[in-house]
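S.K.: Residue numbers (the working numbering): 16 to 209.
Note that these hints are calculated values from the structure, not bench results.
All values derive from a computational prediction rather than experimental measurement.
Any given hint could be a false lead.
[Unchecked claim] Taking CB as the label site, the calculated pair distances span: (1) Ala57 to Glu188: 17 to 27 Å; (2) Gln59 to Ala163: 27 to 37 Å; (3) Glu126 to Thr181: 25 to 35 Å; (4) Asn86 to Phe107: 34 to 44 Å; (5) Glu119 to Gly169: 15 to 25 Å; (6) Asp129 to Ala57: 23 to 33 Å; (7) Phe107 to Gly58: 29 to 39 Å.
We put the beta carbon where it would ideally sit given N, CA and C, even for glycine.
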Amino acid sequence: MGFLSDRLRDEGFAPHSFDHFTTRDGLDVASDHLRQCIAGFAGQRVHLVGHSLGGLLAAMVVQANPELSINRIVCLGSPLRGSAAARSLLGFPGGGSLLGRSAELLERGLERWDAPHAIGAIAGQLPFGLGFMLGGVSSPHDGTVAVAETQLPGLTDHRVVSAAHTGLVFSREVAQLTVAFLSDGRFDSKRKAA
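When you get a sec, could you build the whole thing from the sequences and use the hints?
M.R.: Next up, the structure:
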């Protein structure tokens with residue numbers, strides 16, 4: 016997330032990295048840690064930007080705790096509707112241990128977005144990555160997450176870019192879209208990152 020953090024900093028945001036170990040510690044520990052992190056910014060405007068499982072975790076926590084002082088959320092390549100790659104991986108010997116305690120959330124995702132906060136999702140459609148080799152990932156996809164898996168009923172906005180799953184955090188276009196959404200609540204904002 017370093018490149019994206021630098022781009023956000025250049026645009027006047029003050030990024031703070033949130034590390035979560037959902038596969039090892041589980042969703043309850045990561046959720047509590049995220050809630051505490053948000054509480055530490057009391058009185059400030061807080062946005063959340065998460066990649067992959069990080070975006071799904073952010074959405075889950077905010078939806079379960081709508082009273083949190085959050086302004087906007089951007090999910091990058093997050094399997095908000097659940098992950099076919101994760102479901103396929105669970106069918107392989109040892110697959111469950113690779114997903115760890117995040118397996119259930121990755122399998123099911125969310126049904127819809129019901130929280131009052133603005134949330135946008137950016138999906139990639141450059142099909143390079145190991146996830147699709149597990150099977151079950153429908154096209155178009157970013158090599159790990161299908162575009163359809165990022166489309167959640169109730170989203171404020173959604174965009175598809177030409178990037179692979181890991182490449183989303185390095186993409187200049189993704190940085191521009193993230194800045195636009197955090198600034199104006201839509202990806203089609205006239206404001207562009209420098």
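S.K.: Now tell me, hint by hint, if it's right for this structure.
M.R.: How the hints compare with the structure:
Between Ala57 and Glu188 the C-beta distance comes to about 33 Å, which lies outside the given range of 17 to 27 Å. Roughly 35 Å separates the CB atoms of Gln59 and Ala163, a value that falls within the hinted 27 to 37 Å. For Glu126 paired with Thr181, a C-beta distance near 27 Å keeps the hint of 25 to 35 Å intact. The supplied range of 34 to 44 Å is met by Asn86 and Phe107, whose beta-carbon atoms lie about 40 Å from each other.
Taking 15 to 25 Å as the suggested C-beta distance range, the pair Glu119 and Gly169 conforms, at roughly 21 Å. One distance hint, 23 to 33 Å for the beta-carbon pair Asp129 and Ala57, holds here, with the actual separation near 24 Å. Checked against the hint of 29 to 39 Å, the pair Phe107 and Gly58 fails, with Cβ atoms roughly 47 Å apart.
Consistency note: the structure conflicts with the earlier hints numbered 1, 7.
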